[in-house]
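Whole structure, please, built from the sequences with the hints as guidance.
Those protein sequence lines, which keep their order, are chains Z and L. So for the first sequence, my numbering puts the first residue at 1487; every next one is plus one. So for the second sequence, my numbering puts the first residue at 1487; every next one is plus one.
Quick caveat, the hints were computed from the structure, so don't treat them as lab data. Just so you know, not all the hints are guaranteed correct.
A pair counts as met if it fits within one copy or between any two copies, since identical chains are not told apart.
List time: in silico DSSO-like cross-link candidates among lysine-lysine, alpha-carbon distance up to 27 Å [as the list claims (entries may be wrong)]: (1) Lys1543 <-> Lys1495; (2) Lys1561 <-> Lys1623; (3) Lys1638 <-> Lys1553; (4) Lys1663 <-> Lys1703; (5) Lys1703 <-> Lys1580; (6) Lys1579 <-> Lys1693; (7) Lys1703 <-> Lys1516; (8) Lys1561 <-> Lys1496; (9) Lys1703 <-> Lys1638; (10) Lys1579 <-> Lys1703; (11) Lys1514 <-> Lys1703; (12) Lys1663 <-> Lys1723; (13) Lys1703 <-> Lys1623; (14) Lys1724 <-> Lys1516; (15) Lys1693 <-> Lys1723; (16) Lys1724 <-> Lys1703; (17) Lys1703 <-> Lys1543; (18) Lys1495 <-> Lys1516.
Keep in mind the model is a prediction, meaning the values are calculated, not measured.
Spelled out, the chains give:
2 protein chains.
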Amino acid sequence: MGYTARRYKKGNEESYTLGTTLTIELLKQKPEICKQVYLHSDLSGLGLETIITLCNKNSIPYEVNNKVFNVLSQKENCFAIGIFEVFQSELVKKTDHVVLVNPSNNGNLGTIMRSMCGFGVKDLGIITPSVDIFDPKTVRSSMGAIFDLRVKYYSSFDEYLEDVGARPFYPFMLQAKSSLTDFPFEHPSTLVYGNEASGLPRDFLEKGYPLIINHSKEIDSLNLPIAVSISLYEFTKKRFN
Amino acid sequence: MGYTARRYKKGNEESYTLGTTLTIELLKQKPEICKQVYLHSDLSGLGLETIITLCNKNSIPYEVNNKVFNVLSQKENCFAIGIFEVFQSELVKKTDHVVLVNPSNNGNLGTIMRSMCGFGVKDLGIITPSVDIFDPKTVRSSMGAIFDLRVKYYSSFDEYLEDVGARPFYPFMLQAKSSLTDFPFEHPSTLVYGNEASGLPRDFLEKGYPLIINHSKEIDSLNLPIAVSISLYEFTKKRFN
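Take a look at the structure:
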């Protein structure tokens, strides 16, 4: 088929979904970027039927090829792989956003994308350096949410603001004075989070409306996806209740 | 020292902390269960000093032994290991609890323990079958919170209720009618969550006060540690604000 399977590396123009459910999400949500599907000979039943139906509908080639699984997947229970072109999207100016400054963990990034989908915030800015959103581990931990978001990289927070225009934003910081709870958020606006280990640079205390999620002193901080998800819950609760 | 290093398996009477910070947490919070500390010859600085001080204070033997790291640790950045006896504790009846029914992922369980510490809910009941709370992966992902909680296994939710006595409880279920948001929780009471993939058995709809965390229809469900943490945040927010 002209495609040579090779393990993903940052900067590659193609990445892949590892798993049946994830491949179906790709085919349902972004068929236009899917170039090829590989099926394991052990795949059968509804998963197989759904993938073949979606491939046929979207004129995407598929083939049974167990060798590709040896190269791309290290899990023994992976029976479908979708090759897709990596993408970036412009963020929408009239919607709420999340900005992650220098996120460093693939699994965390995927979990955050899943929570964003869960709370209907679909625009994600990422300030580099950061982990790669198209790493197969990130894609997998997003459980397909990555195909339902608009994601764009920026080299600085100022560059992000220039791109999307002035808007209220809320940096989450342990040094902030105002509590998240019942905070009167404006919309559209942006929730901003720092790196897992180091948090946001201190100068964010002078920018926007810094907020803290109050918790006991017995832990240093909440895990990053937990902090993002709790604040997304509070930020959007009027829409879902 | 009489101790033979061997990789942890479920049912072992001893487990271990992998990492300097985690070993310090063990030595600070539960020195009475720590039997031995191993130091890598590359460890230096404040981490080394802190561990030696805590070992001396608590009469815990320590030795430099790089071979133990080859056996127990697969990460290259692990420079301290603390061997500890696994433990269970009675739950306290007058406090709030979390109960996890059949949790199946080590990392999730550790993250949940960290959030429990963060929101001051210190009693955890686990309904078996479940992953092992003393698996080194769970211990690591708890970032030491495991040493600050009371944890007890039960073979059924009824056995849990018999042990702690009648109390209000809130099963989290996608089929529930009442929303978490601004729910008038009683205290002490218990938040109850099901397995990552299958959720709680349907008969929990007839028990306690089932609650749902409302979210968009674009994801099937929130990740388990996210759901637990959002509800712990809401459950305890009056204490922290």
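Here is how each hint holds up against the structure:
In this assembly of identical chains, the alpha carbons of Lys1543 and Lys1495 never lie at most 27 Å apart, being 30 Å within a copy and 48 Å across copies at closest. With identical chains, the CA atoms of Lys1561 and Lys1623 are at most 27 Å apart both within one copy (12 Å) and between copies (18 Å). Within a single copy, Lys1638 and Lys1553 get their C-alpha atoms no closer than 34 Å, and across copies no closer than 46 Å, so neither meets the 27 Å cut-off. In this assembly of identical chains, Lys1663 and Lys1703 lie within 27 Å of each other by CA distance solely inside one copy; the values are 15 Å within and 34 Å between copies.
Proximity of Lys1703 to Lys1580 under the C-alpha cut-off of 27 Å is restricted to the inter-copy arrangement: shortest distance 22 Å between copies versus 38 Å within a copy. Taking the closest pair of Cα atoms, Lys1579 and Lys1693 come within 27 Å of each other only inside a single copy of the chain (20 Å); across copies the shortest separation is 45 Å, beyond that limit. In this assembly of identical chains, Lys1703 and Lys1516 lie within 27 Å of each other by CA distance solely across copies; the values are 18 Å between and 44 Å within a copy. In the homo-oligomer, the alpha carbons of Lys1561 and Lys1496 lie at most 27 Å apart both inside one protomer (21 Å) and across protomers (22 Å), since each shortest distance falls under that limit.
Within a single copy, Lys1703 and Lys1638 get their C-alpha atoms only as close as 35 Å, which misses the 27 Å cut-off; across copies the closest is 24 Å, which meets it. Only between protomers do Lys1579 and Lys1703 lie at most 27 Å apart by alpha-carbon distance; the minimum there is 23 Å, versus 38 Å within a single protomer. For the homomeric pair Lys1514 and Lys1703, the shortest alpha-carbon distance between copies (15 Å) is at most 27 Å, but the shortest distance inside one copy (45 Å) is not. Taking the shortest alpha-carbon separations for Lys1663 and Lys1723, both the intra-copy value of 22 Å and the inter-copy value of 16 Å come in at or below 27 Å.
Taking the closest pair of Cα atoms, Lys1703 and Lys1623 come within 27 Å of each other only across two copies (24 Å); inside a single copy the shortest separation is 32 Å, beyond that limit. When the C-alpha separation of Lys1724 and Lys1516 is checked against a cutoff of 27 Å, the pair qualifies neither within a copy, at 30 Å, nor between copies, at 43 Å. Taking the closest pair of Cα atoms, Lys1693 and Lys1723 come within 27 Å of each other both inside a single copy (25 Å) and across two copies (26 Å). For the homomeric pair Lys1724 and Lys1703, the shortest alpha-carbon distance between copies (16 Å) is at most 27 Å, but the shortest distance inside one copy (29 Å) is not.
Taking the closest pair of Cα atoms, Lys1703 and Lys1543 come within 27 Å of each other only across two copies (24 Å); inside a single copy the shortest separation is 55 Å, beyond that limit. For the homomeric pair Lys1495 and Lys1516, the shortest alpha-carbon distance inside one copy (21 Å) is at most 27 Å, but the shortest distance between copies (43 Å) is not.
Hint compliance for this structure: hints 1, 3, 14 are broken, all remaining hints hold.
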